[in-house]
Amino acid sequence: MKKLLLVVLVILIAGMALAVEEITFWHSYSTNSGEYNLLTEKIIPEFEKSFPEIKVKETQVNYDDMRQRLIVGTAAGALGDVIRMDIIWVPQFADIEMLVPVDVVFAEEFAEIEDSFLPGPLSTCEWNGHYYGLPLDTNTQVLLWNKKLFEEVGLSEGPKTMEEFVEFAKLLTKDKDGDGQIDQWGYADSGLGPWNSIPWIYSFGGYILDQTNQKAEGFVNSEGSIQALQTFKDLRDAGCIADTIVGGGGIGTFEGYAEDIYAMILAGPWAWPIIKGQYPDAEINAVIFPAGAGGSRSVVGGENIVITETSEHKEASWEFVKYMTSYEVQKAFVEVSQMPVLNSLVEDKAIIEHPYFQVFMQQLKTAVARSPHPGWNQINDIMDQAWQDVIVADYDVKESLDYAAEQIEEVIAEYE
Amino acid sequence: MKRTTRRKFAGFLFVLPGMMAYLVWTIYPILNGFYMSLFKWNLNPKIPNDFIGLENYIELFQDSQFYVALVNTIKYAIITVPFQMVLGLLVALLLNKGMKGQTLFRLLFYLPVITSWVVVSVLFQYLFATRGGIVNFILKDVFHLIKTDIKWLAQTSTAMIPIYVLGIWKGIGWTMLIFLAGLQSIPKQLYEAARIDGANSWKLFTKVTAPLLRPTFVFQLVMLTIGGFNVFLSVFIMTGGGPRNSTHVLNTYMFKEAFEYFHFGYGAAIAVVFFLMVFTISQLQRRFLKREPY
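In the order they appear, the protein sequences are chains A and B. For the first sequence, the working numbering begins at 1 and goes up steadily by one. For the second sequence, the working numbering begins at 1 and goes up steadily by one.
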């Protein structure tokens with residue numbers, strides 16, 4: 001009798017466990033953000049209501065710890081089922097077969113929704129002809145210009161073209177206290193890596209890799225890429241670009257912009273809450289990156305949502321991924337300032353009425369994704385080094401980029 | 001069981017927990033690191049690893065970036081270790097005189113030691129900022145030693161200096177504490193006897209203090225050298241290896257190869273070379289400095 005009871009009990013428990021599938025969702029929304037509150041109080045509960053057989057357990061990991069956590073989790077075979085992952089990590093984890101190729105496993109459904117995504121963000125999910133996730137949120141960088149400093153030199157609008165930018169930057173660089181040292185700069189940025197240099201390179205009509213992400217020679221050292229770096233160097237030599245590009249420390253670009261030290265900076269949408277948080281009275285004005293021979297191009301940032309190969313609930317995870325990229329959820333996230341990835345939301349009222357998303361959505365139309373390649377971290381550092389060689393150590397522009405091409409070709413060969 | 005065997009067995013049991021921890025957390029990773037260094041190691045355990053023999057090592061010894069990191073690491077140890085010891089000794093001598101408020105000063109000097117590397121690295125970035133950094137302010141506006149601001153962290157020729165200064169400043173408290181302990185263990189009678197023999201304070205220091213502090217010196221030299229070779233966070237945060245990869249040390253370079261580029265086998269090869277180097281140097285130091293002073 002006792003035994004029978006036990007068997008019945010075991011079957012019951014097993015049955016219950018089977019009925020409810022639990023999936024874990026790793027993300028790095030900071031716990032005091034509007035996004036986090038929305039996710040935990042509205043988005044997940046509503047999903048669980050429409051899919052009573054699936055339970056979502058969200059796990060917050062700080063962005064700075066996420067990569068480490070993913071590496072350890074990969075080695076131990078213990079990752080979350082669904083992960084919100086920085087776009088530039090996706091090809092690297094796809095290459096070591098940790099991510100589910102959604103265009104293969106969920107081929108039919110993927111084909112149905114593929115066209116609803118903005119092409120720039122969607123391209124960041126692709127590696128080796130397959131898609132290893134869906135875009136979740138996106139961003140880009142635009143040019144902020146300081147109205148007060150502009151008016152001081154008789155300007156009233158941000159630059160539209162590269163020629164204007166160069167002219168303005170020179171006008172806005174000053175030695176105010178007359179000690180022989182510049183103390184107001186026309187332009188400031190936080191580094192020289194591709195995140196910072198892509199707007200320059202592509203707006204000048206240059207490239208890093210070709211369309212297929214398999215060739216650097218003739219692209220990274222193309223005429224446009226050379227001109228971009230040369231123009232940047234000339235401006236730097238004229239004293240118009242602050243030391244923050246080479247890690248000079250001190251006043252960051254946001255603070256310097258708010259304190260009228262830097263007249264123009266490159267910034268993503270997160271600049272608004274940060275600047276307004278510290279300087280509630282600061283006025284922020286933004287334009288798309290000044291256009292050169294290649295038009296106005298900027299760099300795509302953001303996160304993708306991926307399913308891990310270690311997941312035992314891939315179907316349930318896919319339901320959650322589809323839900324997170326659906327119109328309703330994407331729109332709900334706009335309210336808490338997360339930029340959407342759907343074509344259908346570009347012209348949406350929520351975007352048009354948003355205090356500062358419009359300029360970003362306009363910039364996103366032509367923004368370039370950093371090449372989705374598992375060796376991107378290396379390519380990133382090679383590019384950073386090439387620019388630093390020229391800016392810090394006065395190397396010849398063409399020679400540096402030729403050398404970069406050679407090194408990047410080696411990285412690409414490593415993954416063939 | 002015989003009594004002696006039982007006692008041996010009990011002894012073994014007492015050592016066992018520590019021994020296990022040492023085997024699991026120290027010996028096993030070292031051996032496993034060596035094993036990994038022979039492969040093109042893949043992070044995903046389901047993908048088989050390619051055995052490539054010594055290829056990682058061959059590549060390593062032809063890698064100019066590795067030598068930059070190696071030289072930086074050795075330079076860091078050579079520069080920071082003596083400064084920490086000399087300055088720590090000076091502070092210890094001052095604070096051993098029984099002057100007023102010395103407990104407070106001991107605490108103040110020791111504070112940097114227990115402060116997080118992350119916090120002080122960020123702090124030093126600000127101190128050494130080109131514009132608005134207090135170091136340039138003092139040099140230029142207070143003492144007029146320089147005409148234009150020095151781009152401390154923004155040029156290759158000076159970027160290591162803030163890292164050295166941080167390492168020394170953060171280490172003085174520890175050397176001070178160890179020297180203080182050493183100083184207090186010197187019997188007072190020796191000083192009295194020397195004074196009766198007519199020794200002045202310099203003689204007291206060279207003939208009594210210094211020789212009796214010798215074991216402390218040796219201990220510090222070995223520990224600080226190992227610590228110096230392990231420099232990581234200050235470089236990682238203050239320069240990230242830049243500008244132009246000029247400030248990489250072995251740890252930052254290893255971290256980059258393994259965790260940024262997923263070259264785990266290569267990173268393991270760096271770790272093995274690093275281990276052999278530190279091991280050899282500590283053994284040499286121990287051998288040459290073992291002799292008892294008196």
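In short, the hints are calculated from the structure, not lab data. Some hints could be false.
Claimed, not checked - Derived DEER-like restraints, expressed as beta-carbon distance ranges:
#1 B:N32 <-> A:Y415: 24 to 32 Å
#2 A:Y356 <-> B:L276: 50 to 58 Å
#3 B:V142 <-> A:E399: 39 to 47 Å
To be verified - Not close to chain A: a few residues of chain B, all C-beta gaps over 12 Å, as computed:
#4 R131
#5 L153
#6 P215
Stated by the list, open to error - If you want the footprint, here are the derived chain B segments under chain A, 3+ residues with CB under 8 Å:
#7 27-41
#8 44-51
#9 192-198
#10 275-283
Since the model is a prediction, treat every value here as computed from it, not as a measurement. Glycine included, each C-beta is placed from N, C-alpha and C at the ideal position.
### Task
Tell me, in ascending order, the numbers of any earlier hints that this structure violates.
Numbers 4, 5, 7, 9, 10 - these are the hints that the structure violates, sorted from lowest upward.
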